[in-house]
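J.: Protein chains in written order, with my numbering: chain A, 1 to 108; chain B, 1 to 114.
A short list of chain B residues far from chain A (calculated; beta carbon distances all over 10 Å):
hint : residue
1    : M19
2    : P61
3    : S67
4    : E79
5    : A82
6    : Q85
7    : L111
Facing chain B, a subset of chain A residues (Cβ under 8 Å, in silico):
hint : residue
8    : N31
9    : Q33
10   : G41
11   : Y48
12   : F86
13   : V90
14   : Q94
15   : N95
16   : F96
17   : F98
18   : G99
19   : G101
None of these hints come from the bench; they were simulated from the model.
Predicted, not measured: the structure shown is a model, and the values here were computed from it.
Yeah, the Cβ is synthetic: ideal placement off N, Cα and C, and Gly gets one too.
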Amino acid sequence: GIQVEQSPPDLILQEGANSTLRCNFSDSVNNLQWFHQNPWGQLINLFYIPSGTKQNGRLSATTVATERYSLLYISSSQTTDSGVYFCAVVNYGQNFVFGPGTRLSVLP
Amino acid sequence: NAGVTQTPKFRVLKTGQSMTLLCAQDMNHEYMYWYRQDPGMGLRLIHYSVGEGTTAKGEVPDGYNVSRLKKQNFLLGLESAAPSQTSVYFCASTESPGLADTQYFGPGTRLTVL
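Put together the whole structure using the sequences plus the hints.
T.: Next up, the structure:
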């Protein structure tokens with residue numbers, strides 16, 4: 001099946017810093033989503049982005065489908081951005097496959 | 001509109017006991033999923049359903065059974081719990097994984113098997 005990798009596994013930032021999270025996948029996809037799991041365990045969808053670029057406030061995402069990767073940008077990070085960021089893909093099937101996540105800690 | 005709800009939120013079982021986790025969604029979604037998340041890891045798919053009356057195995061189905069008798073409900077059963085099933089269980093639903101539709105997640109059920 002399709003493999004999903006994320007990097008870095010852990011990231012520590014000072015409040016106000018910018019960061020880039022990466023998701024690599026091993027096959028073509030027709031659905032790619034980024035999720036944020038907050039420190040209380042809740043999973044929230046950030047972007048649906050199988051290709052192209054989207055922006056939502058301080059967050060933006062870019063997927064280059066032909067090169068099989070996606071990037072999540074966080075600008076001017078805040079402590080509330082802390083948590084785990086997951087990339088999940090659908091390989092033209094019925095299931096989402098999740099990456100292992102990037103754990104982000106934003107320090108005040 | 002409650003979205004996706006899960007019952008119970010917490011549970012402690014002894015080895016060999018059985019239990020059922022209930023997932024309910026009020027968005028009329030066709031697809032429903034059960035995942036488990038172990039400490040420091042991502043989500044692994046246990047079972048899923050593509051519509052009322054259907055179920056299918058995911059990545060880690062052993063030791064679990066599921067049923068989707070009604071479109072809005074997806075039940076996950078553990079017939080004989082084992083310590084290896086200690087985990088946080090998430091239910092999710094979506095209209096279609098192939099469309100521009102997100103998965104909506106429930107709040108999770110934290111299960112401990114002693």
